[in-house]
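Chain by chain, the residues:
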Amino acid sequence: DTAVSQTPKYLVTQMGNDKSIKCEQNLGHDTMYWYKQDSKKFLKIMFSYNNKELIINETVPNRFSPKSPDKAHLNLHINSLELGDSAVYFCASRSWGGRYNEQFFGPGTRLTVL
Amino acid sequence: DAKTTQPNSMESNEEEPVHLPCNHSTISGTDYIHWYRQLPSQGPEYVIHGLTSNVNNRMASLAIAEDRKSSTLILHRATLRDAAVYYCILSYTSGSRLTFGEGTQLTVNP
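Line order of the protein sequences matches chains A and B.
Just remember that my numbering sits 87 ahead of the position in the first sequence, which is counted from 1.
Just remember that my numbering sits 65 ahead of the position in the second sequence, which is counted from 1.
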């Protein structure tokens, strides 16, 4: 009954490689997010999609490209991985509209770039 | 979004109440006050939110100062499972965009 799931949970790769992280939510939400939590534990928003449309795009290198094939999925593709990309990446989802809707977070994907 | 200030860490004993403070002196009239927490090795989870009035839910209570420049998250009976980083967040939207600060690391002693 996982609400927001991410794969893989751990990802270890070499500098320069290209990798993808997948996120799926079964909550029927129409808005999804990617956050990055670095080694200092700061959690920063990267992207947000609402109904497959990009609505938040923070200052993130263009090596990072989110893709939302449908409302239930938001994948993150990273090209030419760098050491500084090592972090935990969290996906989240939320229902848009209404008075208030909290965000539901996935368990995270720990990316280690060697 | 306006900035919040929280203590870096706090300690509590199991089964005692915990009051986690948050200062937000530059809060605007339309800012919601959100609280999320992050248990070890997990993603953040929603705790509670408020706008002007005090709020209660099954997890916690939120006490908001009359001038809205500060708020306090209250855990009525701390358990070991409540050990987490607690984030106080202001957002002019109703939860669509969250800017996390450093939070307060809560340690609960048995």
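Please keep in mind that the hints were generated in silico from the structure rather than gathered at the bench.
Any given hint might turn out to be false.
To be verified - Pairs of lysine-lysine, DSS-like flavour, derived with a Cα cap of 30 Å:
#1 A:K106 - A:K139
#2 B:K134 - A:K109
#3 A:K109 - A:K154
#4 B:K134 - A:K128
#5 A:K123 - A:K96
#6 A:K109 - A:K131
#7 A:K139 - A:K96
#8 A:K139 - A:K128
#9 B:K134 - A:K96
#10 A:K127 - A:K106
#11 B:K134 - A:K123
#12 A:K96 - A:K109
#13 A:K139 - B:K134
#14 B:K134 - A:K131
#15 A:K154 - A:K106
#16 A:K123 - A:K139
#17 A:K109 - A:K127
#18 A:K109 - A:K139
#19 A:K158 - A:K131
#20 A:K123 - B:K68
#21 A:K154 - A:K128
#22 A:K131 - A:K106
#23 B:K68 - A:K127
As the list claims (entries may be wrong) - To be clear about the criterion: a stretch of chain A counts as covered by chain B if any three or more of its residues have a C-beta under 8 Å from a C-beta of chain B, and this derived list gives those stretches:
#24 103–117
#25 143–150
#26 189–199
Glycine included, each C-beta is placed from N, C-alpha and C at the ideal position.
Going down the list of hints, with the structure as the test:
1. A:K106 - A:K139: 21 Å, holds
2. B:K134 - A:K109: 40 Å, violated
3. A:K109 - A:K154: 9 Å, holds
4. B:K134 - A:K128: 26 Å, holds
5. A:K123 - A:K96: 14 Å, holds
6. A:K109 - A:K131: 18 Å, holds
7. A:K139 - A:K96: 24 Å, holds
8. A:K139 - A:K128: Holds - the C-alpha atoms of A:K128 and A:K139 are around 29 Å apart, at most 30 Å.
9. B:K134 - A:K96: 39 Å, violated
10. A:K127 - A:K106: OK: A:K127 and A:K106 at ~23 Å, within 30 Å.
11. B:K134 - A:K123: Given pair B:K134, A:K123 holds - Cα atoms ~29 Å apart, limit 30 Å.
12. A:K96 - A:K109: 10 Å, holds
13. A:K139 - B:K134: With Cα atoms ~37 Å apart, A:K139 and B:K134 exceed 30 Å; violated.
14. B:K134 - A:K131: Cα-Cα ~24 Å, so holds.
15. A:K154 - A:K106: 13 Å, holds
16. A:K123 - A:K139: Holds, at roughly 20 Å.
17. A:K109 - A:K127: 24 Å, holds
18. A:K109 - A:K139: 15 Å, holds
19. A:K158 - A:K131: 22 Å, holds
20. A:K123 - B:K68: With a Cα-Cα distance of about 20 Å, the restraint between A:K123 and B:K68 holds, given a limit of 30 Å.
21. A:K154 - A:K128: 25 Å, holds
22. A:K131 - A:K106: Holds, because 20 Å separates the two Cα atoms, which is no more than 30 Å.
23. B:K68 - A:K127: 19 Å, holds
24. 103–117: As far as the segment 103–117 of chain A goes, the hint is violated, because 0 residues have Cβ atoms under 8 Å from chain B.
25. 143–150: This one is violated; 1 residues, fewer than the three required, reach chain B with a Cβ under 8 Å.
26. 189–199: holds (count 7)
Of the numbered hints listed earlier, those contradicted by the structure are 2, 9, 13, 24 and 25.
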